[in-house]
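Q: From just these sequences and the hints, can you work out the full model?
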Amino acid sequence: MRSVLPTQLPSALLNPNQPRHLPTRLVSIGPPDPEAGLRLPQQGEPIKLGDIAQVNDNPLVQKALRRLQVDKAPTSLSQLVMWRVAAGLDWDTISQFSAKWANGHELTLAKEFVDHLDALPEGETGRVLFQVDSADAASKPIASEVVKALNGNTFLGLVARVAEIPSRPEGPAVACRVKLNASEALVQVTSSDSAARNWVPFGKFTVPVVRGQEKFDVQRFADGLAEGILSRLVRAQVIKGNTARDKGKLIYQIRIENASPWILDAIAMLGTASKEGEKPEVLRGIGLSPRRILTVPMVEDVVRTLGLKKGIKLVALDLSGL
1 MRSVLPTQLP SALLNPNQPR HLPTRLVSIG PPDPEAGLRL PQQGEPIKLG DIAQVNDNPL
61 VQKALRRLQV DKAPTSLSQL VMWRVAAGLD WDTISQFSAK WANGHELTLA KEFVDHLDAL
121 PEGETGRVLF QVDSADAASK PIASEVVKAL NGNTFLGLVA RVAEIPSRPE GPAVACRVKL
181 NASEALVQVT SSDSAARNWV PFGKFTVPVV RGQEKFDVQR FADGLAEGIL SRLVRAQVIK
241 GNTARDKGKL IYQIRIENAS PWILDAIAML GTASKEGEKP EVLRGIGLSP RRILTVPMVE
301 DVVRTLGLKK GIKLVALDLS GL
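Numbered by the numbering used here, the letters in the sequence shown go through residues 1 to 322 in order.
No wet-lab data here; the hints were simulated from the structure. A couple of the hints might just be wrong.
Said to hold, decoys possible - Listed next, the in silico DSSO-like pairs over lysine-lysine satisfying Cα-Cα at most 30 Å (straight line):
hint, residue 1, residue 2
1, Lys140, Lys179
2, Lys204, Lys249
3, Lys63, Lys48
4, Lys204, Lys279
5, Lys100, Lys140
6, Lys310, Lys148
7, Lys140, Lys63
8, Lys279, Lys309
9, Lys204, Lys310
10, Lys275, Lys240
11, Lys279, Lys313
12, Lys309, Lys240
13, Lys148, Lys249
14, Lys63, Lys215
15, Lys215, Lys140
16, Lys279, Lys215
17, Lys179, Lys313
18, Lys240, Lys279
19, Lys215, Lys310
20, Lys240, Lys310
21, Lys204, Lys63
22, Lys313, Lys275
23, Lys148, Lys279
24, Lys111, Lys140
25, Lys249, Lys179
26, Lys179, Lys215
27, Lys240, Lys148
28, Lys148, Lys179
29, Lys249, Lys310
30, Lys215, Lys148
31, Lys111, Lys100
32, Lys215, Lys204
33, Lys204, Lys148
34, Lys204, Lys179
35, Lys111, Lys63
36, Lys279, Lys310
Computed from a predicted model, the values in this text were never measured in an experiment.
A: Here it is, written out as structure tokens:
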């Protein structure tokens, strides 16, 4: 249901005597400097490779760092977690030291991760909540089909759960109320706020239940549901270059905005003028924190090849909780 398959951990092959420049995410397991705050190795500074167990014997620290690696967590989130788990700082102190580079949604995700670290399950922890109601007796069988199609399945890279939506969020979440009648469904989308204490409206849309004389197609309905929710959680646009050029060619930018309360790991995209059946292009390894914006430079030839000059349309996502 509009999901991009998750990627494996990054790897690199080095032949004998072969140098390679491998950019990597850095995180400190020590406390911040009282004056300078976060301190990390500088470019060119020698570092020693090793396993976390060689420098820290706390099993929770080891588990946290390895899980953050597997989840390909953004640096900001990883640092918040390690200051709590490895350095033992309280959340108020962490909030003060990270005020310039971490937002409330990132702090909430980090707190949720630490609070559940002992019992973290394998696989995806992020959830999309659905409450499916029928407006009349005729739509009850349709509602039952929708519940079966959604519950427990992958939805935008997360896990769909069908139940009564609580009055307040129980952590970072998106909640969708689906009200069905014989012809269409009204969908109300809400998201948890930065502290995951209240629901914030994310808009409404409708999905046709049937088209003309056709029978109800639950998979097509679920796909339309995913498409509508996707457009409210993540947005993208193509920005035409003006002054920046590469060998005389315009440099464009793909601007990606993650409005969801989770990490955005990948997107699948098409040009707005793409032909039916055209295969989407996938951009992986984004690691974009909630409520953050990423701009990706792209030369004019690539923009033209991908059919993005007239605009961009997102068709699938890989969202992830911690």
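Q: If a hint holds in the structure, say so; if it does not, say that too.
A: Hint by hint, here is what the structure shows:
Among the hinted pairs, Lys140 with Lys179 is consistent with the structure: their alpha-carbon atoms are about 11 Å apart, no more than 30 Å. A C-alpha spacing of about 41 Å is found between Lys204 and Lys249, which places the hinted pair above 30 Å, so the restraint is violated. The suggested pairing of Lys63 with Lys48 holds, with an alpha-carbon distance near 21 Å, which does not exceed 30 Å. With a CA separation close to 29 Å, the supplied pair Lys204 and Lys279 stays within the 30 Å bound.
Among the hinted pairs, Lys100 with Lys140 is inconsistent with the structure: their alpha-carbon atoms are about 51 Å apart, more than 30 Å. Note on Lys310 and Lys148: the hinted pairing is violated, with a Cα-Cα distance of about 38 Å set against a maximum of 30 Å. For a cut-off of 30 Å, the pair hint linking Lys140 to Lys63 is broken: about 45 Å separates their Cα positions. Only pairs whose Cα atoms come within 30 Å are accepted, and Lys279 paired with Lys309 is accepted, the gap being roughly 17 Å.
For the proposed pair Lys204 and Lys310, the alpha carbon gap of about 26 Å is at most 30 Å, so the pair holds. For the suggested pair Lys275 and Lys240, the alpha carbons sit about 22 Å apart, so the restraint of at most 30 Å is met. At roughly 12 Å between alpha-carbon atoms, Lys279 and Lys313 fall within 30 Å of each other, so this suggested pair holds. With a C-alpha separation of about 8 Å, the suggested pairing of Lys309 with Lys240 holds against the 30 Å cut-off.
Between Lys148 and Lys249 the CA atoms are separated by roughly 51 Å; this puts the pair beyond 30 Å, and the hint is violated. For the proposed pair Lys63 and Lys215, the alpha carbon gap of about 50 Å is over 30 Å, so the pair is violated. Distance restraint check for Lys215 and Lys140: the Cα-Cα separation of roughly 15 Å lies within the 30 Å cut-off, and the hinted pair is therefore satisfied. With a C-alpha separation of about 28 Å, the suggested pairing of Lys279 with Lys215 holds against the 30 Å cut-off.
Between the alpha carbons of Lys179 and Lys313 the distance comes to roughly 27 Å, so the proposed pair stays at or under 30 Å and holds. Taking the CA atoms of Lys240 and Lys279, the gap is near 23 Å; set against the 30 Å cutoff, the hint holds. For the suggested pair Lys215 and Lys310, the alpha carbons sit about 35 Å apart, so the restraint of at most 30 Å is broken. A threshold of 30 Å between alpha carbons decides the hint, and for Lys240 with Lys310 the separation of about 10 Å falls inside it, so the pair holds.
Only pairs whose Cα atoms come within 30 Å are accepted, and Lys204 paired with Lys63 is rejected, the gap being roughly 40 Å. Proposed proximity of Lys313 and Lys275 is supported: the alpha carbons are some 12 Å apart, at most 30 Å. At roughly 29 Å between alpha-carbon atoms, Lys148 and Lys279 fall within 30 Å of each other, so this suggested pair holds. Taking the CA atoms of Lys111 and Lys140, the gap is about 40 Å. The hint is violated against a cut of 30 Å.
Annotation: proposed proximity of Lys249 to Lys179 is violated, straight-line Cα distance about 50 Å (limit 30 Å). Among the hinted pairs, Lys179 with Lys215 is consistent with the structure: their alpha-carbon atoms are about 19 Å apart, no more than 30 Å. Taking the CA atoms of Lys240 and Lys148, the gap is about 44 Å. The hint is violated against a cut of 30 Å. Distance hint between Lys148 and Lys179 is fulfilled; the C-alpha atoms sit about 16 Å from each other, no more than 30 Å.
For a cut-off of 30 Å, the pair hint linking Lys249 to Lys310 stands: about 17 Å separates their Cα positions. At most 30 Å may separate the alpha-carbon atoms for a hinted pair to count; Lys215 and Lys148 meet this at roughly 17 Å. About 18 Å separates the Cα atoms of Lys111 and Lys100, which keeps this hinted pair within 30 Å; it holds. Taking the CA atoms of Lys215 and Lys204, the gap is near 25 Å; set against the 30 Å cutoff, the hint holds.
The hinted pair formed by Lys204 and Lys148 meets the criterion: a straight-line CA distance of about 23 Å does not exceed 30 Å. For a cut-off of 30 Å, the pair hint linking Lys204 to Lys179 stands: about 11 Å separates their Cα positions. Proximity of Lys111 to Lys63 is assessed by CA-CA distance (about 15 Å); at most 30 Å being required, the pair is judged to hold. A hinted pair counts as satisfied when its Cα atoms are at most 30 Å apart, and Lys279 with Lys310 qualifies at roughly 17 Å.
Consistency with the previously given hints fails for numbers 2, 5, 6, 7, 13, 14, 19, 21, 24, 25, 27, ordered from lowest to highest.
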